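Protein sequences appear in the order of chains A and B. Quick note on numbering: the working numbering labels position 103 of the first sequence as 103, and the sequence is numbered without any gaps. Quick note on numbering: the working numbering labels position 159 of the second sequence as 159, and the sequence is numbered without any gaps.
Calculated directly from the structure, the hints in this document are not laboratory data. The structure displayed is predicted, hence computed values, not measured ones. Glycine included, every Cβ here is placed at the ideal spot set by N, Cα and C. There could be a bad hint or two in this list.
[Claimed, not checked] Not the full set, but computed from the structure, chain B residues with beta-carbon under 8 Å of chain A:
id : residue
1  : Ser70
2  : Thr76
3  : Asp83
4  : Leu87
5  : Tyr89
6  : Phe91
7  : Leu97
8  : Gln98
9  : Leu109
10 : Leu112
11 : His113
12 : Ile115
13 : Arg138
14 : Tyr140
15 : Phe232
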Amino acid sequence: MTAPETELMHPPVEELDLPTPPGEAGPLDLPPRGTPHRLAIAVRNAVPPALVLLGAIALWYLISYRLLDPSRRFLMPPPHQVVQEGFLVWSTFTEIMRALWLSAQVAFVGLAVAIVLGMSLAIVMSQARWIERSLFPYAVALQAVPILALVPLLGFWFGYNFTSRVIVCVIIALFPIVTNTLFGLLSADRGQHDLFTLHGASRATRMRKLQLPAALPAIFTGFRIAAGLSVIGAIVGDFFFRQGQPGIGQLIDKYRARLMSEELFAAIIVSSMLGIVVFWLFGFLQQRMIGHWHEQARDH
Amino acid sequence: MTDPSAADVVAVPGPASPRPPRLAFRDVTKTFPDGTVALSGVSFDVRQGEFVTVVGPSGCGKSTLLRIASGLEPHTGGEVDIDRDKLGYVFQDATLLQWRTVQHNVELLAELHGIPKPERRQLADAAIETVGLTGFERHYPKMLSGGMRMRVSLARSLTLKPPVFLFDEPFGALDEITRERLNEECLRLFQLEGFAGLFITHSISEAVFLSTRVLVMSARPGRIVGDFDIPFPYPRPPELRFEPAFAELSGRVSAALRGAYE
Numbered sequence: 001m002t003a004p005e006t007e008l009m010h011p012p013v014e015e016l017d018l019p020t021p022p023g024e025a026g027p028l029d030l031p032p033r034g035t036p037h038r039l040a041i042a043v044r045n046a047v048p049p050a051l052v053l054l055g056a057i058a059l060w061y062l063i064s065y066r067l068l069d070p071s072r073r074f075l076m077p078p079p080h081q082v083v084q085e086g087f088l089v090w091s092t093f094t095e096i097m098r099a100l101w102l103s104a105q106v107a108f109v110g111l112a113v114a115i116v117l118g119m120s121l122a123i124v125m126s127q128a129r130w131i132e133r134s135l136f137p138y139a140v141a142l143q144a145v146p147i148l149a150l151v152p153l154l155g156f157w158f159g160y161n162f163t164s165r166v167i168v169c170v171i172i173a174l175f176p177i178v179t180n181t182l183f184g185l186l187s188a189d190r191g192q193h194d195l196f197t198l199h200g201a202s203r204a205t206r207m208r209k210l211q212l213p214a215a216l217p218a219i220f221t222g223f224r225i226a227a228g229l230s231v232i233g234a235i236v237g238d239f240f241f242r243q244g245q246p247g248i249g250q251l252i253d254k255y256r257a258r259l260m261s262e263e264l265f266a267a268i269i270v271s272s273m274l275g276i277v278v279f280w281l282f283g284f285l286q287q288r289m290i291g292h293w294h295e296q297a298r299d300h
Numbered sequence: 001m002t003d004p005s006a007a008d009v010v011a012v013p014g015p016a017s018p019r020p021p022r023l024a025f026r027d028v029t030k031t032f033p034d035g036t037v038a039l040s041g042v043s044f045d046v047r048q049g050e051f052v053t054v055v056g057p058s059g060c061g062k063s064t065l066l067r068i069a070s071g072l073e074p075h076t077g078g079e080v081d082i083d084r085d086k087l088g089y090v091f092q093d094a095t096l097l098q099w100r101t102v103q104h105n106v107e108l109l110a111e112l113h114g115i116p117k118p119e120r121r122q123l124a125d126a127a128i129e130t131v132g133l134t135g136f137e138r139h140y141p142k143m144l145s146g147g148m149r150m151r152v153s154l155a156r157s158l159t160l161k162p163p164v165f166l167f168d169e170p171f172g173a174l175d176e177i178t179r180e181r182l183n184e185e186c187l188r189l190f191q192l193e194g195f196a197g198l199f200i201t202h203s204i205s206e207a208v209f210l211s212t213r214v215l216v217m218s219a220r221p222g223r224i225v226g227d228f229d230i231p232f233p234y235p236r237p238p239e240l241r242f243e244p245a246f247a248e249l250s251g252r253v254s255a256a257l258r259g260a261y262e
């Protein structure tokens, strides 16, 4: 949502070398006049999705009251009942929030571990072709292992609490971080590498001043994918552990089993919110950290 | 790394030039592992205050010549004498770091050479002023035109006050007017800094306009097949390009270059 505003923060630059060749006016081809006000842009950006939301709620009511007869209405309880039962009944609300908080912690810790581990692996792999060739197949294999098949084993080894849930998240979130970071580290162009070689840069300097900054856009892409996956990992892991402190996954399973559909809908909504917030957070961080120099950063 | 005084001993002293060569190629050969001979018996000197340009058909090994001079690639025969400690090198594209502002891009080389921050700043400020980019210090490369990026690239090399400046077809991707203006800029820097310049291009007028001497290279294997002294005094006005003497000399270089294609 912040994209067009950020673009406006940089005024177009006057060309020093006299006539600007066509198509070379620089990446900031802004309309010279009639640039809309920030607020107007915000409104323009907010209105279409808001309309879609209203439409979706209307459709929801239509299904609840027109399509389903009262005996089957529990399949899709109307929105106000979901709000009523899921969010306004204090005991249910705290139950959901406590479970959500637990799952959020699992997701964040899992993501943090995956980031540290994944980036380290990628940095090691970027140092030599043979290291990459030796390790990469296992990163792929890790990705290919059906995580649900591992869940019972992990519970068996590490118990059914925090640790094994975090491990599920790490396994599921590691791969996109490794691949994107590695891709990014190898993306600096040959001329830039030559420049560093000419001036005697060490491996560490090259990594710190060239490869890592060059990799940031790709790294952020990896973070966003991994963040979404780690939220899914936290919920799915919890759902299948069926033991230990209940996270949002177990709660969803419980509501399903007891046909508590209003609560079930509420739990689904908040867990989606968690995923959306995490995704948005990384988008925001990306815009903040590299938006000023990276052209594609605003495309998401 | 030999220092310039050591180079004196090795190099054959030029007939009338009192200045020692800053860069000397003696019978340099480059054969790639696949057997392709890129350079064969290339010899020439570049002295301080000389601007030597190499023109040649594409694929003749001009760029290889420069990569050998800079040490980016090893040669397989002959001798190369150059002090590579503070080398100016301008690449085919500006090779700026997109995440750094103009100021920080210009500071990069000083940074890599461990020059302390305050001094680095001063050097960068001076270099930015020299190339006429004062006021753009806080801009990112994506906000600049191709010509301005090339100026940043020039400024970046200037911070090291390089005794030898290598140019690898730096303005090939720019439009003609921008290229001409940057050529004039190059000459101004050349007079200001008094470096020894080695310039690679495939543009004859660029070569004649800039240089004290133009070498013509043949296609594979790359050999020097033409050697022209360019006598026009510096400073050279832009109008020099339209003088009959300029055209006559360009014609001779062009003829040699045509020969080089055969």
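Verification of the supplied hints:
1. Residue-level restraint check for B:Ser70 holds (minimum Cβ-Cβ distance to chain A is 6 Å; threshold 8 Å).
2. Violation of the interface hint for B:Thr76 is found here, the shortest Cβ-Cβ separation to chain A being roughly 19 Å, above the 8 Å cut-off.
3. Nearest Cβ of chain A to the Cβ of B:Asp83: about 13 Å, over the 8 Å cut. The hint is violated.
4. The closest approach between the C-beta of B:Leu87 and any C-beta of chain A is roughly 6 Å, which is under the 8 Å cut-off, so the hint is satisfied.
5. The closest approach between the C-beta of B:Tyr89 and any C-beta of chain A is roughly 6 Å, which is under the 8 Å cut-off, so the hint is satisfied.
6. The beta carbon of B:Phe91 comes within 5 Å of a beta carbon in chain A, closer than 8 Å, and the hint placing it at the interface holds.
7. A distance limit of 8 Å between C-beta atoms decides the matter here; for B:Leu97 the minimum to chain A is near 7 Å, and the interface restraint holds.
8. A distance limit of 8 Å between C-beta atoms decides the matter here; for B:Gln98 the minimum to chain A is near 5 Å, and the interface restraint holds.
9. Nearest Cβ of chain A to the Cβ of B:Leu109: about 6 Å, under the 8 Å cut. The hint holds.
10. Nearest Cβ of chain A to the Cβ of B:Leu112: about 4 Å, under the 8 Å cut. The hint holds.
11. Because the beta carbon of B:His113 sits about 6 Å from the nearest beta carbon in chain A, less than 8 Å, this interface hint is met.
12. Against a cut-off of 8 Å between C-beta atoms, the interface hint on B:Ile115 is violated, since the closest Cβ of chain A lies about 11 Å away.
13. The interface hint given for B:Arg138 is broken, as the beta carbon of that residue sits about 10 Å from the closest beta carbon of chain A, more than 8 Å.
14. Checking B:Tyr140 against chain A by beta carbon gives a least distance of about 5 Å; that is within 8 Å, so the hint holds.
15. A distance limit of 8 Å between C-beta atoms decides the matter here; for B:Phe232 the minimum to chain A is near 24 Å, and the interface restraint is violated.
This entry does not satisfy hints 2, 3, 12, 13 and 15, going by the numbered hints stated previously.
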